[in-house]
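Asks: Each chain, written out:
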Amino acid sequence: MPLVNFTTREITCKIVYYGPGRSGKTTNLQYIYSQVPDDRKGQMVSLATQTDRTLFFDFLPLELGSISGFTTKFQLYTVPGQVYYNATRKLVLQGADGVVFVADSQVRQLDEDLESLQNLHQNILEHGVDIRTLPMVLQWNKQDLPRDLILAPEELDDALNFRGLPTFSADALHGAGVFETLKAISAEVLRKLSQGASGRQG
Amino acid sequence: MTTTVVEQWTAEPLSRYVAQASARIVVVMTPAGQVLAQHGFMRAVDLMGVAALGAAIMASSGALADLVGERTFGALYHAGQRHGVHLAGCRTPRGPLVVLTVFGKETSIGLVEFFFGEFAGALSAAAPEAPVRGPILAENFEAELGASLATLFGR
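Line by line, the protein sequences are chains Z and U. In this text, residue positions in the first sequence follow my numbering: the first is 13, and each later residue adds one. In this text, residue positions in the second sequence follow my numbering: the first is 920, and each later residue adds one.
Keep in mind that the hints were calculated from the coordinates and are not lab data. For each residue, glycine too, the CB sits at the ideal point set by N, CA and C.
Chain U is nowhere near these chain Z residues, computed Cβ spacing over 12 angstroms in every case: (1) Q62; (2) R65; (3) Q118; (4) L129; (5) L157; (6) D160; (7) D169.
So the derived label-pair ranges between C-beta atoms look like this: (8) Z:S46 - U:S979: 24 to 30 angstroms; (9) Z:E192 - U:A984: 38 to 44 angstroms; (10) U:A1044 - Z:G81: 31 to 37 angstroms; (11) Z:G140 - U:Y996: 29 to 35 angstroms; (12) Z:L126 - U:T921: 43 to 49 angstroms; (13) U:S934 - Z:A171: 51 to 57 angstroms.
Taking the hints into account, I'd like the entire structure generated from these sequences.
Replies: Written out as structure tokens, the structure reads:
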């Protein structure tokens, strides 16, 4: 759950970008990093292989500003998407306050999207969390690719969005939909914090 | 040097540990990398990066211990040219915590380990059970959130 300091009036939330390999999770963080002024962000940490594939995680700390008088900070993480890195994916998911599932919109990637979504459900369950209680949004990335290569948002919705979660079309490379996705998951996380009698006292 | 605490019960044990062990940086965090107290950082966003990496090292070494049939590897120690890093976990009524200590030539790993044992005990003795709080954000928080994010992205 988000860490709340009632003395200094600060909230810290952990948000994890999840999804299959090469779906654009790191690209989301890189775009955010490129847009945010230096005084509101920390160094972006990327634990990657020599070929720039995420090995453990990417991490971007953000200072959002004041919400209801609380200085609000976000810790944005990505997980490695490749199937064989499940152990590290599970470690990064620990303590997540919200999840952005980044799906690759390409037709040929639909099976990987499904497998990754099922893997997310499994890993959340193994952390003892009911996924229905975890704030989550879906991002249909790479919607800028030619139409014959990708599935339309409605088709992706039918295939992947069993729970009627908020969805966002995106082209993370150029930033389209990145801001809207972050805004939506932030609102979901803070709404849950506000509604649920939760948050650790400082 | 700056010391900040998110949970007040950590303040006294932390300041004693920093002084006794002559530590340059100390970060007390949850296993998920959420910082409860720190000494040595000026900017929260810099601190969060170090906490994320410290928590990740502890988590991955714990998973490795599982794989090779160890219960835990206990403390981890990395020696550098100018700094040493000591990373260890402790159990408290608040839940398991991870402590990252960075120290220089003015002290030694032996002293840090010795005083860490006392620090872990003091944290455990001072920690409360995690309390539950009511709603904390105003009903219109989403408008403020939207405005903050728009400012952040220069929109």
